[in-house]
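Using the sequences and the accompanying hints, generate a full structural model.
Protein chains in written order, with the working numbering: chain A, 1 to 372; chain B, 373 to 803.
Treat the hints loosely; a few may be bogus.
[As the list claims (entries may be wrong)] Where chain B lies over chain A, by a calculated footprint (3+ residues, C-beta under 8 Å):
1. 68–76
2. 277–285
[What the hints assert, rightly or not] DSSO-like mimics (lysine-lysine), calculated; alpha carbons at most 27 Å apart, straight line:
3. B:Lys441 <-> A:Lys52
4. B:Lys460 <-> A:Lys52
5. A:Lys70 <-> B:Lys441
The set of hints was computed from the structure by calculation and includes no laboratory data. The beta carbon of each residue, even a glycine, is placed where N, CA and C say it ideally should be.
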Amino acid sequence: MLSREMTKQKKEPLFQMVKRDYIAPSKALLIRFAAVALALVVCALVIIAITKQNPVEVYGGIISGAIGTKRRAWVTVRETVLLLLIAVGLTPAFKMKFWNIGAEGQILIGGTCSAAIMIYLGDKLPNALLLVMIFIVSILAGMVWSLLPAVFKAKYNTNETLFTLMLNYVAMQIVTFCIVFWENPSGSNTVGVINSKSKGGWFPSIGGSQYVLNVIIVLVVTILISVYMNYSKQGYELAVVGESQNTARYAGINVKKVIIRTVLLSGGICGLAGAVVVSGGSHTISTSTAGGRGFTAIIVAWMAKFNPIAMVVISLLLVFMQQGAIQIASQFSLNENASDIITGILLFFLIGCEFFIHYQIKLHKKSKEVQS
Amino acid sequence: MKKLFAMLLSAAMVVSLCACGGADTATEATSETAAVEETAEATEEATAEATEPAETAEAVDAAGAADIKVGVIYIGDENEGYTEAHMKGIDAMQAALGLSEDQVIEKTGIPEDESCYDAAVDLAEQGCSIIFSNSFGHESYIMQAATEYPEVQFCHATGYQAAGSGLANMHNYFTAVYESRYVSGVVAGLKLNEMIEAGTITADQAKLGYVGAFPYAEVVSGYTSFFLGVRSVCPTATMEVQYTNSWADMSGEAEVAASLIADDCVLISQHADTTGAPSTCQTSGVPCVGYNVSMISVAPDTALTSASINWGPYYTYAVESVINGTAIDTDWCKGYAEGADCITELNEKAIAAGTAEKVAEVEAAIKDGSLKVFDTTTFTVNGSSIEDLIAEGGDYAKYADYVSDGYFHESELASAPAFDLRIDGITELTN
Numbered sequence: 001m002l003s004r005e006m007t008k009q010k011k012e013p014l015f016q017m018v019k020r021d022y023i024a025p026s027k028a029l030l031i032r033f034a035a036v037a038l039a040l041v042v043c044a045l046v047i048i049a050i051t052k053q054n055p056v057e058v059y060g061g062i063i064s065g066a067i068g069t070k071r072r073a074w075v076t077v078r079e080t081v082l083l084l085l086i087a088v089g090l091t092p093a094f095k096m097k098f099w100n101i102g103a104e105g106q107i108l109i110g111g112t113c114s115a116a117i118m119i120y121l122g123d124k125l126p127n128a129l130l131l132v133m134i135f136i137v138s139i140l141a142g143m144v145w146s147l148l149p150a151v152f153k154a155k156y157n158t159n160e161t162l163f164t165l166m167l168n169y170v171a172m173q174i175v176t177f178c179i180v181f182w183e184n185p186s187g188s189n190t191v192g193v194i195n196s197k198s199k200g201g202w203f204p205s206i207g208g209s210q211y212v213l214n215v216i217i218v219l220v221v222t223i224l225i226s227v228y229m230n231y232s233k234q235g236y237e238l239a240v241v242g243e244s245q246n247t248a249r250y251a252g253i254n255v256k257k258v259i260i261r262t263v264l265l266s267g268g269i270c271g272l273a274g275a276v277v278v279s280g281g282s283h284t285i286s287t288s289t290a291g292g293r294g295f296t297a298i299i300v301a302w303m304a305k306f307n308p309i310a311m312v313v314i315s316l317l318l319v320f321m322q323q324g325a326i327q328i329a330s331q332f333s334l335n336e337n338a339s340d341i342i343t344g345i346l347l348f349f350l351i352g353c354e355f356f357i358h359y360q361i362k363l364h365k366k367s368k369e370v371q372s
Numbered sequence: 373m374k375k376l377f378a379m380l381l382s383a384a385m386v387v388s389l390c391a392c393g394g395a396d397t398a399t400e401a402t403s404e405t406a407a408v409e410e411t412a413e414a415t416e417e418a419t420a421e422a423t424e425p426a427e428t429a430e431a432v433d434a435a436g437a438a439d440i441k442v443g444v445i446y447i448g449d450e451n452e453g454y455t456e457a458h459m460k461g462i463d464a465m466q467a468a469l470g471l472s473e474d475q476v477i478e479k480t481g482i483p484e485d486e487s488c489y490d491a492a493v494d495l496a497e498q499g500c501s502i503i504f505s506n507s508f509g510h511e512s513y514i515m516q517a518a519t520e521y522p523e524v525q526f527c528h529a530t531g532y533q534a535a536g537s538g539l540a541n542m543h544n545y546f547t548a549v550y551e552s553r554y555v556s557g558v559v560a561g562l563k564l565n566e567m568i569e570a571g572t573i574t575a576d577q578a579k580l581g582y583v584g585a586f587p588y589a590e591v592v593s594g595y596t597s598f599f600l601g602v603r604s605v606c607p608t609a610t611m612e613v614q615y616t617n618s619w620a621d622m623s624g625e626a627e628v629a630a631s632l633i634a635d636d637c638v639l640i641s642q643h644a645d646t647t648g649a650p651s652t653c654q655t656s657g658v659p660c661v662g663y664n665v666s667m668i669s670v671a672p673d674t675a676l677t678s679a680s681i682n683w684g685p686y687y688t689y690a691v692e693s694v695i696n697g698t699a700i701d702t703d704w705c706k707g708y709a710e711g712a713d714c715i716t717e718l719n720e721k722a723i724a725a726g727t728a729e730k731v732a733e734v735e736a737a738i739k740d741g742s743l744k745v746f747d748t749t750t751f752t753v754n755g756s757s758i759e760d761l762i763a764e765g766g767d768y769a770k771y772a773d774y775v776s777d778g779y780f781h782e783s784e785l786a787s788a789p790a791f792d793l794r795i796d797g798i799t800e801l802t803n
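Laid out in structure tokens, this is it:
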């Protein structure tokens, strides 16, 4: 439509945008790499403008912050798989075009239930039993938290975006309420490290590494969901519902049932992510437990177009830069916002490059006549 | 001209299409870039004065303390009074011991959650042999790190769990800040007297307002000592305390100060970290006493002084102990006599006449021990003295260890404040 408007003018513009019919996957990949490279250059320029340091040193700092020591590398892995897990959890809902932006709340509720089990049963049950219980309960909690918007969507076609978003704040208030009872030491308004002595409900170290179980859980869930989405009847059904509910109905799919089932699945995985945060990483609960990951994961899932491999790559890229930014913040006396700046620039370019994948820029030659 | 217009138009289209290409996330991207500009400015300012401890440089210095590395975890940054005071203390330590910039690694803006643990173990892995952390809620994460790195010394300000933790490398530190609060209370009391003499208020209207952070001992001990300082010179004074439930909440503190002023409080003090309350006092023309840093820059006409802590002596002591291989006190708490507490500069424009002389007299009495801040003859709880209440037993019996020789031994059994009695004359407003 835009190009038609332009051709109406006598004087032609310098260039024109044309929607691409097809782009070779290799070319699309190349554009994306170019975007990442450009983003890194711009990040470097911004950081140099602020710190007046050699860019090589700054990137050295980022790499050292993300993978410089064994522990840092493991923290990067922990954060990456966590982001991946949430993105995987969002995938079925988003594929069905159910805009679940309530992952944040589902994580918090899953995390709160895990913390509750750790606090009340931490020294009463063996750890293996405790962990199984934590997984089951946190999944159920995430499901319950997503049940409400799912049922309302299926029955009354309410707006799930607002519904899930608002439930995030409800979840946050529930966490604040629980902190009143769990705070340790009292008056500090924080829960502190739960079971720091007995380590009840903590993920056990496997082979000397603390976060191996996190990786295993996330890999298993990712593979299962990927199979579910691509090879199961239910996965096909939810894709059809996403494309057109009328088509789905015509094909004899019970749309309401599919909506509720899919959203429960999505919420359950996000609830599990809450358990992975609390039992497998932070060992505490606070309103910052989800830490915006529920929103970042939307970007991850969407940019990866639900491809699990791409989700791994994007999660890793984002987490790598965030962890690196923490290091350069302390190395060059910046504050925590440095990490937001870098993530912002990175996302800007990654999202911006989609334009060049979908559209082509054509430069005009002066002599050429306008054809309409 | 037309060509230029066409160019502009097409440029606008590119931009708008770019925005469409981003679909769902475009708004987020733009708001993030807006934030980029904002923070870029702010950080530029910050780096101008801040130092650059480089972790990579492993330069061996000629000085005796050549191979020591010090790690610091701050709840805030230099824009927040409490952390700023700690940063000054660290700088003083660095200067006193002749440490180079890359021997001190500072992490700012570390919240009271698992990020604190991550920061602590990361500092330990960077080779720090002593790590400080400055916020109450950091304690359990620091203790967790202390368990894993027994060879590294961990020092936590305002906490109280070191002695009971059974960890030899875990320490608590604080200063007898109630002494500086008492002195700042004397300054406030003299101001009230001046207002009573001038006829602006009657003696019965001498009501103070206090902006508190959280309802626990550190704050209760603080406002009580301030109040006792006021009452030592202005016996008719009463006080209202209201909490913000946050250590640093600029707008919340301003709001609480405004509501206290609306409630007829004629002088405001605070135990919260921002300049919210003093800026409200400046606009309402109400005198105020600040905390940590001088508030004269925000309230040039109404700020009297601020109760402050000088952390330098502790940081120097602790790092020096590590260099010399001597043990660090599990609980460290020093006060006026050792230069760990002070009040900031008196604002000549706002204070009552004769304040400086009176302050010097009180300070001398605190230093030589003749004046005890929590003298039990100066306050009552529900109309009775604390000694009588302890003798009666019940809920007050637990204070028996603290009260002897006619005063409450604040911060002597452990470095963290313990005085949490609600004394007569002070009303806590709960919202």
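>> When I compare C-beta atoms, does the region 277–285 of chain A have three or more residues closer than 8 Å to chain B?
In response: holds (count 4)
>> Does A:Lys52 sit within 27 Å of B:Lys441, going by the straight-line distance between their CA atoms?
In response: Status holds; Cα separation ~25 Å.
> Within 27 Å, alpha carbon to alpha carbon, are A:Lys70 and B:Lys441?
Replying inline: holds (20 Å)
>> If you count the residues of the region 68–76 of chain A with a beta-carbon closer than 8 Å to a beta-carbon of chain B, do you get 3 or more?
In response: With 4 residues close enough to chain B, the hint holds.
> B:Lys460 and A:Lys52: Cα distance at most 27 Å?
Replying inline: holds (24 Å)
Checked against the numbered hints given earlier, the structure satisfies every one of them.
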